[in-house]
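> Single-letter residue listing:
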Amino acid sequence: MSADSTADLLVVRGLVAGYGAAPVLQAIDLTVPAGTIAAVVGANGAGKTTLLRALSGMIRPAAGQVLLAGEDLRGTPVEQLVRRGMAHVPEGRGVISELTVDENLRLGGLWRRDRADAGRALDEVYELFEPLARRRRHLGHQLSGGERQMLALGRALVGRPRLLLLDEPSLGLAPRVVARTMALLRQLRDRTGLTVLLVEQNVRSALAVADQGVVMSLGRVVIAAPAEKLRDDVDLRHAYLGF
Amino acid sequence: MDRFVFLTIDGLSRGAVYAAFALALVLIWRAARVVNFAQGAMAVAAAYVAYTVSAATGSYWLGFAVALVAGLLLGALVDRVVMRHVDHTSHLNPVIVALGLVLLIQAVLGMVYGNEFRPAEAPFSRSALTVGGVAVLSPYDLFVFATIGVVVSGLAWMFARTPVGLRMRAAAFAPEVSRLLGVNVGGMLTLGWALASGVGALAAMLVIPTELGLHPHAMDLVFVSAFTAAVVGGLDSPPGAVVGGLVVGLLLSYVSGYAGSDLTPLAVLVLLLAVLLVRPGGLFAPVTARRV
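Residue numbers (my numbering), protein chains in the order written: chain Z, 91 to 333; chain V, 955 to 1246.
Hints in this document: simulated from the structure, not taken from any laboratory.
Take these hints with a grain of salt, some might be off.
[What the hints assert, rightly or not] Covered by chain Z, according to a simulated footprint, are these stretches of chain V (three or more residues, beta-carbon under 8 Å):
hint	segment
1	956-970
2	1222-1230
[What the hints assert, rightly or not] Not close to chain Z: a few residues of chain V, all C-beta gaps over 12 Å, as computed:
hint	residue
3	Arg987
4	Ser1008
5	Val1023
6	Arg1038
7	Leu1055
8	Trp1111
9	Phe1127
10	Ala1128
11	Glu1130
12	Gly1214
13	Ser1215
14	Pro1234
No residue lacks a Cβ here, since even glycine has one placed at the ideal position from N, Cα and C.
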């Protein structure tokens, strides 16, 4: 493994993807260093969700390269990605509402060979999210929006991912819950070296927590810059974020 | 009163078979959203394999075991070779393909074995034991109850308590999310087909000796009854399928005992129609519908 690949956990080169004839993503280039948080922001229809779906193989890229820790992910089936260390929490969070909290969480670690560590990871998630521990036997559809968020995030963490793809974690949640989620991401990054690629409409809270800000528009990356620069530079903000 | 006891036990014994067959339909419906109309024909095919093996070796139990294995394999085969390649955007497509499979399987069985009834032996006596002068149940009835009890509780345990059961439920409810969590959804679907077809083969092995014998169409009426049982229970509910199977078994037994056996096919259809009109979701329909 080259030095380059250990420094940059995720490298995307010239990624083209979409659903029909006209691609949504047009030659995306993106680099996320290990142990950092990257926030992808942009208007509706910029291709943010499509980017995550292409990264995790839910849609097949028409061209380009996705490298995870230096390994090309092309042709890797979706269900294998979690074994490579990539966890994707989809938009709407994907809690399986017919299963209990405990079943949802266990599902996140079922693929692991190291059963003892899967058990430890499960306990850690219950420690991290107190409310889930109290509602182990409740069905997914009985949870509040905030609890679902915790469950989806916790379920991804049970797999001890290296890279976490998060699609709109703030969607439909109270500001206090959003702030808590963002703080948690930062905490995970500092404590466990987790790398996060976050897609957000909520530009302010995303850039507040991120190391790198990536602005997308109409299927292209228009600028990738340190988050604080995007946040604090008035000209950049006006030009790319519109506020 | 004696007659009532006899009819009740006979009904429960047939009902247990319908329950197993309905459970097989529910398994596939939950996993693949397909009503497997070919299940009867597939089960008969497995029973013919058992017949061949038993005839060659002289061992009923070897044939019985081979029937279960043949059922499992046939289910996996039908999924991998046929159903996987059917466009599921319209619910009608897999139904038509399944009906085509029925014709194909029955035609092949007819060509190989001939369209005649072949006697199917029962491994235990079918004459009822009497308790205090009342004919209660036969050793064969006991065998049916025990086998189906073991299979139903085994399946319930598997789905509720084992990792593979959790994977199968997750794959059925949310295939896309399950794939993201590392579940081999396609494999779970094949496993679901195999299990269902295996249970179907078991039901065929149990019911055929109580009817006219082995014939390519031997399971046609059983299929209609089991389908009714599954609808009565709500196609989505495994416990509903079991209760529905027992209800249909009892109903048919009473109708044939008190009103005449010619009326039983009619009674099944009347029940099916009534449930569809009054409570189309089945008696065990969940309170809220799932939005897809």
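> Hint by hint, note whether the structure agrees.
Hints, one by one, checked against the model:
{"no.": "1", "hint": "956-970", "verdict": "violated (count 0)"}
{"no.": "2", "hint": "1222-1230", "verdict": "violated (count 0)"}
{"no.": "3", "hint": "Arg987", "verdict": "14 Å, holds"}
{"no.": "4", "hint": "Ser1008", "verdict": "40 Å, holds"}
{"no.": "5", "hint": "Val1023", "verdict": "27 Å, holds"}
{"no.": "6", "hint": "Arg1038", "verdict": "15 Å, holds"}
{"no.": "7", "hint": "Leu1055", "verdict": "29 Å, holds"}
{"no.": "8", "hint": "Trp1111", "verdict": "15 Å, holds"}
{"no.": "9", "hint": "Phe1127", "verdict": "5 Å, violated"}
{"no.": "10", "hint": "Ala1128", "verdict": "5 Å, violated"}
{"no.": "11", "hint": "Glu1130", "verdict": "7 Å, violated"}
{"no.": "12", "hint": "Gly1214", "verdict": "44 Å, holds"}
{"no.": "13", "hint": "Ser1215", "verdict": "42 Å, holds"}
{"no.": "14", "hint": "Pro1234", "verdict": "21 Å, holds"}
The structure shown violates the earlier hints numbered 1, 2, 9, 10, 11.
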